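Please model the complete structure; the sequences and the hints are all you need to start from.
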Amino acid sequence: MTTDPRSVAGKRLEIAERTQILVVGAGPAGIAAARHAHQGGAQVMLVDEHPVPFETMGESVPQIWGGRMGGAVRNRNAMTEWMLEARPDLVELFDLGIDIRLGTACWGLFANQPNLGWMPGLVAGLVDEEQGSHLVGFDQAVVATGRRDMGLAFPGWDLPGVLGAGAALMLARLYDALDSRRAVMLGSTPEALLAALELMDAGVTIAAVVEQAAAPAAPEDLVARIRAAGVEIVTGEAPRGVTSDADGVTGLVLRNRTIACDSVLLGVGAVPMIDLLHAAGARCAFDNGRGGFVPLLGAGGETSLPGIRAAGDCAGIWAAKSADPALAEAEGRLAAGAALAALGLASASAGDAPQPGPAADLGEYRKAWVRASVVEAVADMPVCQCEEVTAREILDVSPPRYLNAPPLPNLTRSLTEILGEGPPDPDQIKRLTRAGMGPCQGRRCREQIQALLALQDDLSLGVVPLAGHRSPVRPISLAAAATPEDPAIAAAWDSWFGMPRQWVPFWDVEEHYTVAALATEKEHVSE
Amino acid sequence: MSANNPIPGIDAGDDNRGASVIVIGGGVTGLSTAFWLAEAGVDVLVLERGIVGWEASGRNGGGCSHHHSPLFAEEQRLWPMMDEFLGYPTEFRPNRIRIALSPEQFTLYGRAVANARKQGFRADDLDAQAVRELVPLAGDNVHAGHYYHFGGHANPHRTVQAYAWALRDRGGRLRQHVTVIGFRRQGDRVTAVRTDKGDFGCDHLVIAAGPQTGRLAAMLEVDIPMRAARAEMIVTEPLPLMPLGGIDGNGLYGRQTLRGNLAYGGGPHEWVETEAQPGGPRPSTPLAGSIARRLAELLPKAAHARVIRSWAGIIENTPDGRPVIDRPALWQNLTVATLSGVGFGLSPASGRALMQLVTQGRCNFADLSSLRLGRFDRLEPDWDALQGWLPAAMATA
Numbered sequence: 001m002t003t004d005p006r007s008v009a010g011k012r013l014e015i016a017e018r019t020q021i022l023v024v025g026a027g028p029a030g031i032a033a034a035r036h037a038h039q040g041g042a043q044v045m046l047v048d049e050h051p052v053p054f055e056t057m058g059e060s061v062p063q064i065w066g067g068r069m070g071g072a073v074r075n076r077n078a079m080t081e082w083m084l085e086a087r088p089d090l091v092e093l094f095d096l097g098i099d100i101r102l103g104t105a106c107w108g109l110f111a112n113q114p115n116l117g118w119m120p121g122l123v124a125g126l127v128d129e130e131q132g133s134h135l136v137g138f139d140q141a142v143v144a145t146g147r148r149d150m151g152l153a154f155p156g157w158d159l160p161g162v163l164g165a166g167a168a169l170m171l172a173r174l175y176d177a178l179d180s181r182r183a184v185m186l187g188s189t190p191e192a193l194l195a196a197l198e199l200m201d202a203g204v205t206i207a208a209v210v211e212q213a214a215a216p217a218a219p220e221d222l223v224a225r226i227r228a229a230g231v232e233i234v235t236g237e238a239p240r241g242v243t244s245d246a247d248g249v250t251g252l253v254l255r256n257r258t259i260a261c262d263s264v265l266l267g268v269g270a271v272p273m274i275d276l277l278h279a280a281g282a283r284c285a286f287d288n289g290r291g292g293f294v295p296l297l298g299a300g301g302e303t304s305l306p307g308i309r310a311a312g313d314c315a316g317i318w319a320a321k322s323a324d325p326a327l328a329e330a331e332g333r334l335a336a337g338a339a340l341a342a343l344g345l346a347s348a349s350a351g352d353a354p355q356p357g358p359a360a361d362l363g364e365y366r367k368a369w370v371r372a373s374v375v376e377a378v379a380d381m382p383v384c385q386c387e388e389v390t391a392r393e394i395l396d397v398s399p400p401r402y403l404n405a406p407p408l409p410n411l412t413r414s415l416t417e418i419l420g421e422g423p424p425d426p427d428q429i430k431r432l433t434r435a436g437m438g439p440c441q442g443r444r445c446r447e448q449i450q451a452l453l454a455l456q457d458d459l460s461l462g463v464v465p466l467a468g469h470r471s472p473v474r475p476i477s478l479a480a481a482a483t484p485e486d487p488a489i490a491a492a493w494d495s496w497f498g499m500p501r502q503w504v505p506f507w508d509v510e511e512h513y514t515v516a517a518l519a520t521e522k523e524h525v526s527e
Numbered sequence: 001m002s003a004n005n006p007i008p009g010i011d012a013g014d015d016n017r018g019a020s021v022i023v024i025g026g027g028v029t030g031l032s033t034a035f036w037l038a039e040a041g042v043d044v045l046v047l048e049r050g051i052v053g054w055e056a057s058g059r060n061g062g063g064c065s066h067h068h069s070p071l072f073a074e075e076q077r078l079w080p081m082m083d084e085f086l087g088y089p090t091e092f093r094p095n096r097i098r099i100a101l102s103p104e105q106f107t108l109y110g111r112a113v114a115n116a117r118k119q120g121f122r123a124d125d126l127d128a129q130a131v132r133e134l135v136p137l138a139g140d141n142v143h144a145g146h147y148y149h150f151g152g153h154a155n156p157h158r159t160v161q162a163y164a165w166a167l168r169d170r171g172g173r174l175r176q177h178v179t180v181i182g183f184r185r186q187g188d189r190v191t192a193v194r195t196d197k198g199d200f201g202c203d204h205l206v207i208a209a210g211p212q213t214g215r216l217a218a219m220l221e222v223d224i225p226m227r228a229a230r231a232e233m234i235v236t237e238p239l240p241l242m243p244l245g246g247i248d249g250n251g252l253y254g255r256q257t258l259r260g261n262l263a264y265g266g267g268p269h270e271w272v273e274t275e276a277q278p279g280g281p282r283p284s285t286p287l288a289g290s291i292a293r294r295l296a297e298l299l300p301k302a303a304h305a306r307v308i309r310s311w312a313g314i315i316e317n318t319p320d321g322r323p324v325i326d327r328p329a330l331w332q333n334l335t336v337a338t339l340s341g342v343g344f345g346l347s348p349a350s351g352r353a354l355m356q357l358v359t360q361g362r363c364n365f366a367d368l369s370s371l372r373l374g375r376f377d378r379l380e381p382d383w384d385a386l387q388g389w390l391p392a393a394m395a396t397a
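Line order of the protein sequences matches chains U and L. So the first sequence is numbered by this note's numbering: it starts at 1 and just counts up by one. So the second sequence is numbered by this note's numbering: it starts at 1 and just counts up by one.
No lab work stands behind these hints, which were simulated from the structure alone. Some clues are possibly wrong.
[Said to hold, decoys possible] Restraint-style ranges between C-beta atoms, simulated for each label pair:
1. L:Pro240 / U:Val463: 32 to 42 Å
2. L:Gln186 / U:Leu403: 45 to 55 Å
3. U:Val378 / L:Pro240: 27 to 37 Å
4. L:Arg378 / U:Glu129: 34 to 44 Å
[Said to hold, decoys possible] Calculated cross-link-like contacts (lysine to aspartate or glutamate; reagent style DMTMM-like; alpha-carbon spacing at most 20 Å):
5. L:Lys118 / L:Asp367
6. L:Lys118 / U:Glu510
7. U:Lys522 / L:Glu74
8. L:Lys118 / U:Glu523
9. U:Lys522 / U:Glu510
10. L:Lys301 / L:Glu133
11. L:Lys118 / L:Glu74
12. U:Lys522 / U:Glu511
13. L:Lys301 / L:Asp140
14. L:Lys301 / L:Asp127
15. U:Lys522 / U:Asp494
16. U:Lys522 / U:Asp508
17. L:Lys301 / U:Glu55
18. L:Lys118 / U:Asp508
The structure displayed is predicted, hence computed values, not measured ones. Each residue gets a CB set at the ideal place from its N, CA and C atoms; glycine is no exception.
Set out below in structure tokens:
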């Protein structure tokens, strides 16, 4: 059979290493999965991006750190030691002999699917500071990438001191490097209140919990624990700005009062970190009971991509699971058990995955916060910090500022006019306004934009499509991104398709084109 | 959104009037054609299955330098005027520097320059020092380069939307989320387009639907040989603007955007099955690493810049990789167009040529004979297998 020499046919990916079961993320679910897979006799590789390089943390990757990571995070060895101290069960896995890679980010998963057929099985792209980017082949994966915090804009939210609630917890517990003494929590979800309680354990004063609704969102027992700890819950309020000095936030300004604090914690939504799975092509859907968009999962936590499974918070977040790591661990074991069964190392497991109970309307809650904080803001502030796009610019589909375009009075250039009969699509808004296109890869603005578009057209949150995720799901320098390469790729490299007649000048084109006539060589011309 | 949940101010679903000319396909080629038709006062309607510019029209390098095409001169004439014509910014910027890192690359790129010069366009040879002076991110590994006093680049997303808005400003109509399911015909005339939203009558039909063009034309017994492939690009975080954004070479095409991002592609493509209905996944692959390697070679002083995304597009290709712009003889009122994977930059000119084909039956500013469908009359039936263009077995949805 003829092959097109400039196509991928016959080209090889340089796979640096292979493993049977790849586990991404060393939280409760990932650790449980790795242990179970190892005990079942599989070769296991467990990767975790922490400790994250300092420069990467500066871009709010993978969490909204808000500049409140102490200087200690620059010392990666110390951070690794702290991580191991914080996660004794991870040390246990080291002792078991499991191949654990810390400080190693997984930036892409690749699986054959419609429109992609040349992967040699399942492939992961990893990157670390020593090796740069390299590829690992695997038979089964358990993705346990956890959660991140929904961003929420208000005037001053781009100052140091505004950070995610989960990010603060991670800095406090995993890094022992949270540079905050007194914080205000925005939002009263179960996840926010649990984070507040843990931060208090870690020595942080929670000055108040602020909730835009008339009553806290979390169940009463959790609210009672917060009140018992002496924390005021301010309801019916929303941020109007911050007071600040050279080090960032010094207070949170509400409609009717100002609360002194050095940090404002974004706790309005804990979001499943699905970037890796979605970018790989796993189907995702909005699930109110699971914290937003999550991968569609079959038995054994398998995504729509065979052999790639999800466990822990990235598979869904709900109150009971947030309160008890045993649920995430159970998901991890189930996924690992199914992976073992797929490898023929175990019989199919019988266990059922933990399921969420009924949940309050998450979409309404997040939209209400965006309305109270972003839409009703009294000053313009960026919703997309990287590209400096405001809510008004998003809804007006304004050209980006670098164009210095004069305001266009034209009525056809409106959000409703470009939509046709489809729901508003954040990817289309992104293309035109650049909201979500920056180096933080949309981590800070994605959920807000979804809520803004839903509010604008009075839609339920889940109707607005999930904006795309693209690999690499972590920013990687060009130098580090250059993976080892099959010499055959270099030998056949062409800027475009390398067709023998495509760039022949029009005055030199034969009257008839046949494949046989290609035997008459013409000079190869570049596009 | 369904008709029972309309967007305020928009009458959803009741605009089923036909048009004098219907264009199937809301990519750059179809939108430009419709824009020029509306500009000429023709009643025109564009039918788009999804959102405008969602496929290859919005997923390309934004280049505007197609020296091989009979539409080259018109492409060069029109681009500097398009912002004013359309009334919306396309981010077009003229000129390009192509950098060769080896004598072989310099020879290869020189052939393109010779074609442009032959058509009266100016291109200067640059030595390594001159390249470094003009391209702050270039490095010590430059062999030589060419400065094109033509071509340039524009922003595909903004250009697509500019066509769409300009079309509407001139009274043309655009329906998105409309899927074509067939045609009505009378003798040698197409009388209506059948869609999932009803039938739309037309006096003339233009099919400019990218990879779907072949399938749609086949419903009218017109054979347009084509195969689809996937190609990939990467994008970095913004960097300070270079004096000229149209910089490429070292086996890459691409540009520095006006925002400062480096957006580049190149390297092997993959032949894929043409989707029965578009909208499947557009996965990118670890080839991003190979593109990153070459970009770091092309612009070594940008090696620290972080890649923040990659993307892939599905592109149709005719057997020789050249466009088809023609009126098939079988029909009195049908015009077909595929730009064969190189449509963005040529779109101002291709749309104007198509407008003339529709309204006058011929193009008065370019010789389109090399783009005739009839050049494939003697094509081997198994041309795709002979050229190695058959997709490998792929996982199904």
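Here's how the hints hold up against the structure:
The supplied range of 32 to 42 Å is met by L:Pro240 and U:Val463, whose beta-carbon atoms lie about 40 Å from each other. Our hint of 45 to 55 Å for L:Gln186 and U:Leu403 holds, since their Cβ atoms are close to 48 Å apart. For U:Val378 and L:Pro240, the Cβ-Cβ distance of about 34 Å falls inside the hinted range of 27 to 37 Å, so the restraint holds. In this structure the supplied range 34 to 44 Å is violated for L:Arg378 paired with U:Glu129, their Cβ-Cβ distance being about 59 Å.
Proximity of L:Lys118 to L:Asp367 is assessed by CA-CA distance (about 16 Å); at most 20 Å being required, the pair is judged to hold. A threshold of 20 Å between alpha carbons decides the hint, and for L:Lys118 with U:Glu510 the separation of about 19 Å falls inside it, so the pair holds. Taking the CA atoms of U:Lys522 and L:Glu74, the gap is about 26 Å. The hint is violated against a cut of 20 Å. Of the pairs offered as hints, the one joining L:Lys118 and U:Glu523 holds, with about 16 Å between alpha carbons and a cut-off of 20 Å not exceeded.
Distance check on the hinted pair: U:Lys522 and U:Glu510 sit about 12 Å apart at the alpha-carbon level, within 20 Å; holds. Between L:Lys301 and L:Glu133, the direct Cα distance comes to roughly 13 Å. Compliance with the 20 Å bound is thereby established for this hinted pair. For the hint pairing L:Lys118 with L:Glu74, the CA-to-CA distance comes to about 15 Å; that is within 20 Å, so the pair holds. Distance hint between U:Lys522 and U:Glu511 is fulfilled; the C-alpha atoms sit about 15 Å from each other, no more than 20 Å.
Simply put, L:Lys301 and L:Asp140 have alpha-carbon atoms about 10 Å apart, close enough for the 20 Å limit, and the pair holds. Restraint check: the Cα-Cα separation between L:Lys301 and L:Asp127 comes to about 19 Å, which is no more than 20 Å; the hinted pair holds. Note on U:Lys522 and U:Asp494: the hinted pairing holds, with a Cα-Cα distance of about 16 Å set against a maximum of 20 Å. The suggested pairing of U:Lys522 with U:Asp508 holds, with an alpha-carbon distance near 10 Å, which does not exceed 20 Å.
A C-alpha spacing of about 18 Å is found between L:Lys301 and U:Glu55, which places the hinted pair at or below 20 Å, so the restraint holds. This hinted pair checks out: L:Lys118 and U:Asp508 have alpha carbons roughly 12 Å apart, not beyond 20 Å.
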